[in-house]
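Dock chain H against the given chain X, drawing on the hints supplied.
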Amino acid sequence: MTPLLATITDIDPWIATCSLITVAITVGMGFWSAGKSKSAGDFFVAGRSVSVGWNASAISGEYLSAASFMGVAGMVMLNGYDALWYPVCYACGYLFLLLFIAGPLRRFGAYTIPDFAEGRYDSPVFRKIAVCFVLFIGFFYTMPQMKGAGTTLAYIFPGLPYWVGVAVVGAVITLNVSLGGMKGITLVQAFQYWLKVFAITLPIFILASIVGQYQEHLDANKTAFESAAANSAQVERKALPEKAPKDEQWIAPFGSLTTKAVDTAIKKAKTPEEKAALEANKRPYSLLYTYSLIIALVCGTAGLPHILVRFYTNPDGVAAKRTTMWVMILIGVFYVFPPVYGVIGRSLTPELYNAVGAKGTDKVVLELPTLLAGKNHPLLGSILSGITCAGAFAAFMSTFSGLLVSMSSALAHDIYGRMLKPNSSPEQRLKAFKWAAVIIGVVSVGLGTQVEKLNINYLVGQAFAIAAASYFPLLFMSVWWRGMTMRGAATGMLVGGLLALSSIFLTTLSDVYAVQTLADFWVEHPLARILCEQPAIWAVPLSITLMIVVSKATARTIPSDVRMKMLVLHAPEALGLKQEYIKEHEGVGH
Amino acid sequence: MKTSSTPDHVHTDGFLAHLMRDQLKLSIACALFFVTALVALPLLNYFQPEYMAQRVAGFTLSWLILGVLFFPFVWIISYIFIKRSIALEEAEAAAAKDSLKK
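Each protein sequence line maps, in turn, to chains X and H.
To convert, note that position 200 of the first sequence is 200 in the numbering used here; the numbers rise steadily by one, no gaps.
To convert, note that position 101 of the second sequence is 1101 in the numbering used here; the numbers rise steadily by one, no gaps.
Looking at chain X on its own, in the form it has when it is part of the complex:
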């Protein structure tokens, strides 16, 4: 049998059908919306006319990425309790956005975050810096979506190379975005949110009713304070392989995720004294890791450009706040469920611990429903697995769409429309948007093929850390402190963001490209490894401190109309100040 024939005969028709329907609906809606997207405003901010309900669904659809749909479940299965911080902070991080940024940012009335950066400080240079960070964060966030695409397609079409899945999904989404821009994807993303909720909830409800509930499977994992006899497991549980973390480590805080650096160092310790010292530091370092992760996820949520840009599609600041609250509810409801897959997956699909890459725990969401085939429900297992595959498709397609719009806007609006050709016509900018989408799409596919070995959720966490150290301090301080200057903002954002990026890159070098010198250094200095892997705990305060110090030192360069700008950011729309500001700045591009 040829490999191609083998691939075709191994395909489950239900899984393939559900996935194809999702792709067809996505492309169909994109084409339909494309006919309605005419102006530059439609492409960049959907005509600023998206209602709270639509926008909350669309933001949630965009936000719930491959990391949320597949990665969280995989990480909970792999790391247990500590991985719960990811879904919780992904959802609850929106509170910081709601409390400090959403309303003022929308009132400012820009198209993109670099627009805001330039408008707040009257500095075209700052726009360039901001554009670079849109691209840095965007590409970091794109890679795990591509990994999700490659993993899912390799699952649907057994034997299909990972890179083919990445290329196919990349091409489909690039086509969709270049056709319809922001207005085109708003409808698609709103639809995809509801598809993802359906796809994550229905299979697990049915599965749990057959194989046992969430808490029963959790109860099967004994804590360090329970004896084996007290563990009265009522549910089926397969034997865990050697590579799986032990129950007491998995279910408790400060487990393998947060202690990995110290555990590696302990294994290679040369003397008993050295080992004892490392053991003593294990829990404090683990606490430090946890706090740094929390800061990265909470502040990073409030600093993701592709999410922030969606707030400009609201009609006003109050709608932006209401949208944020509904987003928190919609994504919060969703995030309760991926950990359930992780917990049940630990009991029933422990063989995933033995695999890495596209065949590891990241595919537990796709794998778990197929177990029903072995419980006399073969058709049900195939249908439910098809539904979860459709949800996975919706996840990486919707997030990649949003990232593509955000990064294409940065190239077409900020670089082409503002820097290269400020006098370009709206038609030229639309054409530039479409070309930018194609360029970004090709680069994303190239990067996606390089990350097969990395954990989806881990990659997304890195994008959050960079956003937390760059955009979050910029937005927070620019909105609330009149004394900020462009130099202060740029210094803090550049130093904090680039140091976070560099330190994350160092850990990637040792993990992916096996740079032995670095690996040896991490063994000698586990604390340095933790601070580089999770840089938010030092990078965010450093960025804010630099902003304050440099702004104080350059106080004479505070924009002369700062009072008007702060009024636009903070005064209720009923006072009509936004209109005044826009008229006043008509000549400079607002």
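There may be inaccurate statements among the hints.
Claimed, not checked - List of simulated lysine to aspartate or glutamate pairs, DMTMM-like, C-alpha gap at most 25 Å:
#	chain 1	residue 1	chain 2	residue 2
1	X	Lys-222	H	Glu-1050
2	X	Lys-565	H	Asp-1098
3	H	Lys-1083	X	Glu-573
4	X	Lys-246	H	Glu-1050
5	X	Lys-565	H	Glu-1090
6	X	Lys-238	X	Glu-226
Claimed, not checked - To be clear about the criterion: a stretch of chain X counts as covered by chain H if any three or more of its residues have a C-beta under 8 Å from a C-beta of chain H, and this derived list gives those stretches:
#	region
7	288–299
8	329–336
Hint data in this document are derived by calculation from the structure and do not stem from the laboratory.
We put the CB at the ideal spot given by N, CA and C, even for glycine.
The following block gives chain H in isolation, referenced to the frame of chain X:
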């Protein structure tokens, strides 16, 4: 810069400072509840591991709080913030418009 629909005192430093202070106070008050919970949970896990490991309906207490209860806790904070924030904005706009009438 000013239009007939915007009261003069809106364009003063005093008005801006008052506006930002009221908004920031509300935001910080809500953020404090959230941050306290975020700081306290790891500390409880660290210093009271046995207490946090006790079972509640099959969950450990720490798992139940983080994996289930944290979401509604944050929804409540956001609901209170939205209500108060909109009321604050309406009061600010009404006060400014009243001063225009006078």
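So, going through the hints one by one against the coordinates:
1. Lys-222(X) to Glu-1050(H): Judged against 25 Å, a Cα distance of about 13 Å means the pair holds.
2. Lys-565(X) to Asp-1098(H): OK: Lys-565(X) and Asp-1098(H) at ~23 Å, within 25 Å.
3. Lys-1083(H) to Glu-573(X): Since the Cα atoms of Lys-1083(H) and Glu-573(X) sit roughly 17 Å apart, the hinted pair holds (cutoff 25 Å).
4. Lys-246(X) to Glu-1050(H): holds, 17 Å
5. Lys-565(X) to Glu-1090(H): holds, 20 Å
6. Lys-238(X) to Glu-226(X): holds, 20 Å
7. 288–299: holds (count 4)
8. 329–336: With 5 residues in contact (Cβ-Cβ under 8 Å with chain H), the coverage given for the region 329–336 of chain X holds.
In terms of the numbered hints stated before, the structure departs from none.
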